[in-house]
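Protein chains in written order, with the working numbering: chain A, 1 to 330; chain B, 1 to 282.
It should be emphasised that the hints constitute simulated quantities derived from the structure, not laboratory data.
One or more of the hints may lead you astray.
Chain A is faced by these chain B residues, among others (derived, beta-carbon under 10 Å) [to be verified]:
| no. | residue |
| --- | --- |
| 1 | D71 |
| 2 | N103 |
| 3 | P107 |
| 4 | V139 |
| 5 | T182 |
| 6 | S184 |
| 7 | T205 |
| 8 | I235 |
| 9 | L243 |
Just so it is clear, CB atoms sit at the ideal spot from N, CA and C, and this is done for glycine as well.
Residues per chain are reported as follows:
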Amino acid sequence: MKSFLDFELPIIELKEKISDLTEFMRSKEIDLSDEVNKLEHKLQVLEKKIYKQMTPWDRVQVSRHHNRPTTLDYIEELFTDFLEMHGDRMYGDDPSIVGGIGRFNNRAVTIIGHQRGKDTKDNIYRNFGMPHPEGYRKALRLMKQAEKFHRPIITFIDTKGAYPGKAAEERGQSQAIANNLFEMAALSVPIISIVIGEGGSGGALGIGVCNHLHMLENSTYSVISPEGAAALLWKDASKAKRAAETMKITAYNLKKLGIVDEVIHEMKGGAHTDLKLQALAIREALKKSLTELNLLGKEELIKHRYDKYKKIGDFSFQQGFKEEKVLVLN
Amino acid sequence: MIKGIFSQKKKYATVPPAEATSNLPTGIITKCPKCKKILYNKEINKNLKICTSCQHYFPMSAPERIDFLLDKDSFIEYDAQMISKNPLDFPQYTKKLKIDEKNTSLPEAIVTGQGTIKGYNTVIAVMDIRFRMGSMGSVVGEKITLAMERAVNKGLPFIIFTASGGARMQEGVISLMQMAKTSSAAKMLDLSGNLFISVMTSPTTGGVSASFASLGDYNFAEPGALIGFAGRRIIEQTIREELPKDFQTAEFLLEHGQLDRIISRHTMRDTLGDILSIHQGG
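Modelling step: build the complete structure from the supplied sequences, incorporating the hints.
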């Protein structure tokens with residue numbers, strides 16, 4: 001599998017040219033350092049330009065990058081004494097959602113997140129990060145426990161969506177997600193959610209009702225995947241690139257719409273290029289959020305969350321629309 | 001009753017949303033999509049929009065449902081003037097809204113208000129699939145939330161008849177967030193001790209089934225209603241097997257422990273009246 005994305009090709013080509021030249025310089029013992037310096041400078045300009053001009057579709061590609069850090073990667077970087085807890089106490093343990101307890105800057109917290117696989121085998125085990133109802137029920141169990149012990153909840157969102165399968169429907173996928181939204185609304189501890197990859201629809205929101213919502217710069221959050229939207233809108237899944245733009249799914253789009261609190265800057269090329277630095281950026285955002293939310297009491301936290309969602313929506317009022325018109329009855 | 005459920009099971013394969021819309025009886029006669037009999041609309045309307053030959057349930061418009069459920073002249077509508085904007089500048093969206101408004105005489109996909117059922121006061125919300133397939137955007141989310149808040153303030157029960165393909169794509173993630181908004185309002189309703197009855201009608205899928213529709217103190221459904229999270233085709237493609245005929249029907253959900261009851265249209269008003277009566281005085 002290649003490690004770079006299509007839009008990065010010019011950068012890769014230039015990098016190769018530089019390394020070829022350096023190699024040539026060394027083997028022939030000729031001084032071409034002026035040339036190399038020029039190219040290095042050109043590379044910097046090019047990188048700046050390309051990463052600045054990333055289209056929504058480019059970001060979709062980065063958000064799905066096979067090396068993109070997952071929830072467990074960030075947990076290892078950000079928390080100490082993490083202990084994973086398993087199972088929903090009803091049906092089973094869903095490996096596509098991980099959760100447990102740990103410390104953030106010495107403070108006890110509960111951590112929950114979607115978990116994609118690292119390779120094919122792991123992906124099969126993790127069901128590609130697409131949870132069944134028991135995953136959502138496990139998450140809720142851990143969140144209720146967090147509330148009992150007054151621990152803030154931190155959730156990492158990274159899923160294509162809740163699993164669309166027969167067993168999932170039989171065990172109440174809708175019910176499980178609905179119940180999480182319902183219960184999360186009234187939890188009396190701070191909830192902070194961070195979209196680290198793909199935020200796929202209800203499956204993402206199922207662990208994402210929060211006081212603060214942050215997104216990594218190259219992550220997406222959407223009601224439907226670009227491919228799904230393209231298939232529905234234009235009967236053509238190949239128009240996903242266009243759908244990615246139309247649907248306004250990037251972190252910056254959602255910040256503008258007032259849905260995201262903070263866009264967390266990513267390393268050049270994406271989070272996968274430097275996990276440690278990326279975790280540091282997330283740590284800062286988390287620290288800031290926790291400090292802010294710390295000031296709120298139990299009731300205030302619930303009201304803060306309620307108001308956050310209450311104000312999302314865009315509508316107007318029609319003048320002269322007669323109520324009688326609605327009630328044309330037989 | 002039990003016999004009725006079993007005999008209907010076979011007849012009610014899931015109706016794809018597009019088909020359901022086109023099957024709304026208009027004009028003088030209608031062909032039943034189930035038994036293919038030609039029926040007089042007058043007859044179907046008299047029978048609460050149920051096929052007189054095979055008991056197939058035709059979709060009901062929101063005004064029709066309010067008319068047949070509530071006591072005469074008791075309905076007062078809330079937020080009738082609220083209409084959608086186009087927050088994402090989505091191509092064609094404004095035009096589509098106008099067309100649906102013209103065709104349905106409704107400003108949006110839901111009608112909310114309050115009225116009485118058999119003398120019992122209640123807040124009620126009714127969705128209408130003729131408008132953008134009943135999908136939930138900003139207006140649907142806001143109207144449900146406001147209606148629930150009014151129920152809390154007035155100490156009234158809240159009843160919703162759902163009919164929706166899910167979240168409205170043209171409003172993107174704003175639609176998705178309406179799931180959180182309505183579910184949060186449902187939680188407040190719950191904490192205030194108000195009764196919440198959800199009656200799912202065909203279809204109730206996606207973001208609507210995964211939020212307020214599944215959050216009633218009682219979750220009911222009409223016979224044969226299509227209810228589910230993911231679309232049938234998507235599931236079949238994912239698991240690469242054909243699904244049973246009754247998959248995602250009200251009967252399937254009842255069997256899997258996800259519904260309290262299936263209630264026929266003929267007994268709906270009486271049953272709701274009975275439940276409201278039992279809940280009088282807490």
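To see whether the hints hold, each was checked on the structure:
no. : hint : verdict
1   : D71  : violated, 13 Å
2   : N103 : violated, 13 Å
3   : P107 : holds, 6 Å
4   : V139 : holds, 5 Å
5   : T182 : holds, 8 Å
6   : S184 : holds, 4 Å
7   : T205 : holds, 8 Å
8   : I235 : holds, 5 Å
9   : L243 : holds, 6 Å
Hint compliance for this structure: hints 1 and 2 are broken, all remaining hints hold.
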